[in-house]
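Protein chains: 2
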Amino acid sequence: MNDELPETERTRLRRRRERGHFDRQTIHGILDAMPMCHVGCVIDGTPVVMPTLQWREGDSVYWHASGGGRGVKAWVKGPVCLTVSILDGLVLARSGLHHSANYRSVMVFGQPRLVEDPTRKNELFNGLIEALYPGRSRELRPLTPSEIKRTAILSLPIAEASAKIRAHGAVDEEADYDWPVWSGVVPVRLQVMQPEPDPRNIEGIDVPDYVRRLTLG
Amino acid sequence: MNDELPETERTRLRRRRERGHFDRQTIHGILDAMPMCHVGCVIDGTPVVMPTLQWREGDSVYWHASGGGRGVKAWVKGPVCLTVSILDGLVLARSGLHHSANYRSVMVFGQPRLVEDPTRKNELFNGLIEALYPGRSRELRPLTPSEIKRTAILSLPIAEASAKIRAHGAVDEEADYDWPVWSGVVPVRLQVMQPEPDPRNIEGIDVPDYVRRLTLG
Chain A
1 MNDELPETER TRLRRRRERG HFDRQTIHGI LDAMPMCHVG CVIDGTPVVM PTLQWREGDS
61 VYWHASGGGR GVKAWVKGPV CLTVSILDGL VLARSGLHHS ANYRSVMVFG QPRLVEDPTR
121 KNELFNGLIE ALYPGRSREL RPLTPSEIKR TAILSLPIAE ASAKIRAHGA VDEEADYDWP
181 VWSGVVPVRL QVMQPEPDPR NIEGIDVPDY VRRLTLG
Chain B
1001 MNDELPETER TRLRRRRERG HFDRQTIHGI LDAMPMCHVG CVIDGTPVVM PTLQWREGDS
1061 VYWHASGGGR GVKAWVKGPV CLTVSILDGL VLARSGLHHS ANYRSVMVFG QPRLVEDPTR
1121 KNELFNGLIE ALYPGRSREL RPLTPSEIKR TAILSLPIAE ASAKIRAHGA VDEEADYDWP
1181 VWSGVVPVRL QVMQPEPDPR NIEGIDVPDY VRRLTLG
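Protein chains in written order, with our numbering: chain A, 1 to 217; chain B, 1001 to 1217.
Do not take every clue at face value.
Unchecked claim - Derived list of chain B stretches under chain A, where covered just means 3 residues or more per stretch with a C-beta under 8 Å from a C-beta of chain A:
1) 1077-1091
2) 1121-1128
3) 1197-1209
It should be emphasised that the hints constitute simulated quantities derived from the structure, not laboratory data.
Remember, predicted model here, so these are calculated numbers, not experimental data.
We put the CB at the ideal spot given by N, CA and C, even for glycine.
One chain only, chain A, in its complex shape (with noise of 0.2 Å):
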């Protein structure tokens, strides 16, 4: 069984020096980190860049927007590219063009589609809420048939796409090594913390352990 999907002439811009990874393994697990993406599209010949949450089922990736937003006209107009990012490292070098970041990355590249199936998006709805906090959906007050009708969700096939990682130390020239000043590497992670209840949650209902257990990145 191959896993990989196809190198592109989209997905190859993601290379400069390194290679880029192409295996679903390795996208998945950058998708599954992180709901917080990007999503580009062109409107009008200008590129705009809009940050939203996303999630993976399968083999594709959602995201959902308000029905009559600029943004899922656009959208289903022409292709997108989804890019998910983590930091996870500043990386202090010798010399000040070797200084860098520790990430991992996903582009995404495609047409989205619109999912109209209003039982289909239900099962979605209740996937995003799943994706971040196992058990909850079913805690949920249930949506209604207008709020499932006037809430997009786009589909994006993860067909074409790739990631990037960079995960090590500095890489300095060779004769700066002597150079005395301090090189490594700083890590950053995202930090869940204490949970704030809402004012109004009704008496004795406790933080929930899907919450506890919550980590991104």
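Based on these hints, arrange chain B on the given structure of chain A.
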């Protein structure tokens, strides 16, 4: 003194129900808090969204790239949208569609230009270092004319830009407030962790204060 940027067709895109922020102080504050950005451009009709590091100096935002790269060729050929987003929290509501995220985000639209003057480029490279690590640029091995020449710096005026901020708890339908489920905000932040010195550091060089003081977001 009017310190608001003009609202344009493109920056208006940022608004849905909430108002965008057009004041320089808010926009600069978000750009200064987070070096990681996503630059969107159009290549052969396709949007391409690439993560990179940005820094601000005055009323421009800068990023750099290998001089011969495809990114540079695309960025100087047409408009870009540079977006910085900081995830501040996850918002859990009482029904699925009111779940949200707290975040601060800035979009800057415009035509980037290459900085050509080598002296100015050198200053700007130092500016990138100083933006993250005040005092470090003087400690580094100076850049060579060849390094300065072969690395491109892109400059984008912060003239057409807007910020969007969400910083509040769940907003549910009034009828849902007695639904028995936990609601609230799970704050997240970028945590700067213990620095990892390069194994080839000269003995006796300590972690600099500017590294110990580093914060992001």
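Going down the list of hints, with the structure as the test:
1. 1077-1091: Contact hint for the stretch 1077-1091 of chain B vs chain A: holds, 9 residues under 8 Å.
2. 1121-1128: Holds: 3 residues of the stretch 1121-1128 of chain B have a Cβ under 8 Å from chain A.
3. 1197-1209: holds (count 10)
Checked against the numbered hints above, the structure breaks none of them.
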